[in-house]
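With chain A held as given, fit chain B onto it using these hints.
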Amino acid sequence: MTALSRTRYFLDFAVSSLLRRRWRTLSLILVYSCIVALLGSVLLFGTALRREAATQLSTGPDIVVQSMIMGRHDMLRAADLDALRGLRGLRRGEARLWGYLYDSSAAANYTLMANADTAPGEALVGEGVARARKLEPGKLLFLVSPAGKFLKVRVKSVIAPKSALISSDLVLLNEADLRAFFSVAPDLYTDLALFVANPREVATIAQKGAIRLPGRRFVTREDLTRSYESLFSWREGLVLVILAGAVIAFAIFAFDKASGLSSEERREIGILKAVGWDTSHIIAQKLIEGGLVSGTSFLIGFILAYAHVFLFRAVLFEPVLTGWSTLYPRFRLTQEIDGLQVTSLALLTILPYVAAILVPVWRTASADPDEVMR
Amino acid sequence: MIELCAVTKTYNAGRPNEVVALGATDLTISDKALTVFAGPSGSGKTTLITIVGCLARPTSGRVVLNGEAVSGLPQRFLTEVRRRTFGFVFQRFNLVRGISAIENVMLPAYPIGTPHARLKTRAMELLSSFGMAHRAHFNVEILSGGEVQRVAIARALVNDPEVIIADEPTASLDGERVAHFLAIAADLKARGKTVIVTSHDPRVTGAATVDRLVTLADGRPADATP
Numbered sequence: 057m058t059a060l061s062r063t064r065y066f067l068d069f070a071v072s073s074l075l076r077r078r079w080r081t082l083s084l085i086l087v088y089s090c091i092v093a094l095l096g097s098v099l100l101f102g103t104a105l106r107r108e109a110a111t112q113l114s115t116g117p118d119i120v121v122q123s124m125i126m127g128r129h130d131m132l133r134a135a136d137l138d139a140l141r142g143l144r145g146l147r148r149g150e151a152r153l154w155g156y157l158y159d160s161s162a163a164a165n166y167t168l169m170a171n172a173d174t175a176p177g178e179a180l181v182g183e184g185v186a187r188a189r190k191l192e193p194g195k196l197l198f199l200v201s202p203a204g205k206f207l208k209v210r211v212k213s214v215i216a217p218k219s220a221l222i223s224s225d226l227v228l229l230n231e232a233d234l235r236a237f238f239s240v241a242p243d244l245y246t247d248l249a250l251f252v253a254n255p256r257e258v259a260t261i262a263q264k265g266a267i268r269l270p271g272r273r274f275v276t277r278e279d280l281t282r283s284y285e286s287l288f289s290w291r292e293g294l295v296l297v298i299l300a301g302a303v304i305a306f307a308i309f310a311f312d313k314a315s316g317l318s319s320e321e322r323r324e325i326g327i328l329k330a331v332g333w334d335t336s337h338i339i340a341q342k343l344i345e346g347g348l349v350s351g352t353s354f355l356i357g358f359i360l361a362y363a364h365v366f367l368f369r370a371v372l373f374e375p376v377l378t379g380w381s382t383l384y385p386r387f388r389l390t391q392e393i394d395g396l397q398v399t400s401l402a403l404l405t406i407l408p409y410v411a412a413i414l415v416p417v418w419r420t421a422s423a424d425p426d427e428v429m430r
Numbered sequence: 028m029i030e031l032c033a034v035t036k037t038y039n040a041g042r043p044n045e046v047v048a049l050g051a052t053d054l055t056i057s058d059k060a061l062t063v064f065a066g067p068s069g070s071g072k073t074t075l076i077t078i079v080g081c082l083a084r085p086t087s088g089r090v091v092l093n094g095e096a097v098s099g100l101p102q103r104f105l106t107e108v109r110r111r112t113f114g115f116v117f118q119r120f121n122l123v124r125g126i127s128a129i130e131n132v133m134l135p136a137y138p139i140g141t142p143h144a145r146l147k148t149r150a151m152e153l154l155s156s157f158g159m160a161h162r163a164h165f166n167v168e169i170l171s172g173g174e175v176q177r178v179a180i181a182r183a184l185v186n187d188p189e190v191i192i193a194d195e196p197t198a199s200l201d202g203e204r205v206a207h208f209l210a211i212a213a214d215l216k217a218r219g220k221t222v223i224v225t226s227h228d229p230r231v232t233g234a235a236t237v238d239r240l241v242t243l244a245d246g247r248p249a250d251a252t253p
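Chains as they are written, first to last, in the numbering used here: chain A, 57 to 430; chain B, 28 to 253.
Bear in mind the hints are in silico, worked out from the structure with no lab data behind them. Hints should not be assumed to be uniformly reliable.
Unchecked claim - Among chain B residues calculated to face chain A with C-beta under 10 Å, some are:
| # | residue |
| --- | --- |
| 1 | Thr77 |
| 2 | Gly80 |
| 3 | Leu100 |
| 4 | Gln102 |
| 5 | Thr106 |
| 6 | Pro138 |
| 7 | Arg204 |
To be verified - Distance condition first, Cα-Cα at most 20 Å in a straight line; then the derived SDA-like pairs of lysine to any residue:
| # | chain 1 | residue 1 | chain 2 | residue 2 |
| --- | --- | --- | --- | --- |
| 8 | B | Lys147 | A | Ala59 |
| 9 | B | Lys147 | A | Leu67 |
| 10 | B | Lys147 | A | Ala70 |
| 11 | B | Lys147 | A | Ala162 |
| 12 | B | Lys147 | A | Thr420 |
| 13 | B | Lys147 | A | Val71 |
| 14 | B | Lys147 | A | Arg62 |
| 15 | B | Lys147 | A | Leu60 |
Idealized CB from N, CA, C, for every residue including glycine.
Bound conformation, chain A alone (with noise of 0.2 Å):
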């Protein structure tokens, strides 16, 4: 009971604290929620796109067996694929044909990929390809090859944005059309895509397909998906380091105003030691009254964040994030909150800012109220 009173008695001290210098703490608490919100979007960003790509990569094939020649990237042939088709556990293998094409008109790069249910003549394309240039069912597409090929093609349809962040620079055509676009035979494609029954033997197979194919690479969802993760971890990083400035500013300011005691508040000090408060009493109101502070601007910087990449789409981080040409992709994220990952920047702006207030805080109440006085 004692120690409950004692608690709330400092808990009213603590607040009281805090609205006596009322424009300090809304300052600090202003410039904190924003740290916060930063760092929050870029992390629950980052988590989201990992997120979603991973989902996105779910749907597609187990295996992708591309030819390489001289560590390059080349096209092969179906003879491949037949080559492949007796593998135990093979559920299913199809030849893909896709390529990249630059369009100097949207200074935009498109992926333009055969697909068997688009009929000559047609086309579906992705989010940000109709952004770029228009577009809507209905409408006809321009598209002029480098070796100055002009393909002309009706849009079917917009792919649905829920694909966007791998479909957005889509463009779906008729295989023969593509064919004549890019001037590749009859025979050769991108490409396999393999379906395994068991995902658990999707090492064995690709292992088994290689040496089948000598001088195919075989790349996994699993290899993909890492691939994905590295290209937005490393995205997430550089906004990091981008931000590493606003941080060390914020950990300055916070070190200035949280730590550098006015003459009025170790003077306060002072009375609150000679009218009978220990060292310990003083470090635990104050330690509440950072806890509040740090508190609050927590939670209203995570929900700007959260508002920020959920509700906003990142506007801010949006370039750097999901961009990979200049056709970056329009999608909702999943709202999806990793606890590991809210403790972790909990930590990493509460636990400073807290220490920031102790260590000052202490050495003044460990000194005699009339030295601290005087």
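Below, chain B without anything else, positioned relative to chain A:
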């Protein structure tokens, strides 16, 4: 009883700005009496009462409180002694600004953890006894000098200490307020408290209620009336 045995206090010892604020001082302060330390500014009055009240440690010598040497106690125990034994009325009253009079009075009891209702009642009783009940919930910045003084005295009494120490409590107060303070001091003494006051105000040093006057000069007691 408080005893000072060869107590000295030197500030900034060993530095160019070293100041010997209190020379070797032996002094005994009786219980349940009103003792006044008098002397001009810089004579060591405030230093002496900060040592008596355990707000500062002597550079050398011992402070003995009711037979127990307290000056060498670790900080934590010294705070406990201070809280249990002393109530302070500081020279500029040293109230915490931005909070109300009653909250200021309650402050010394926070670490004890007295239940809120009981503590509030006690603080209100003290403020009422000094005619301050109607100003209890006013922030201290808007109180007059005399009101601030009374709040400071109420704060000094909230933990029911044995010894009340007041440093220049009548500085810048008018005659009526000085008389009021002396009446309060006499009342406290009558209630069995030990009251120690520093003052260079003749209205205090010459008051009939003073039991003992210790005059300081150059950091030493020059003379003392029994």
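Which of the listed hints are broken here?
-> 3, 7, 11, 12
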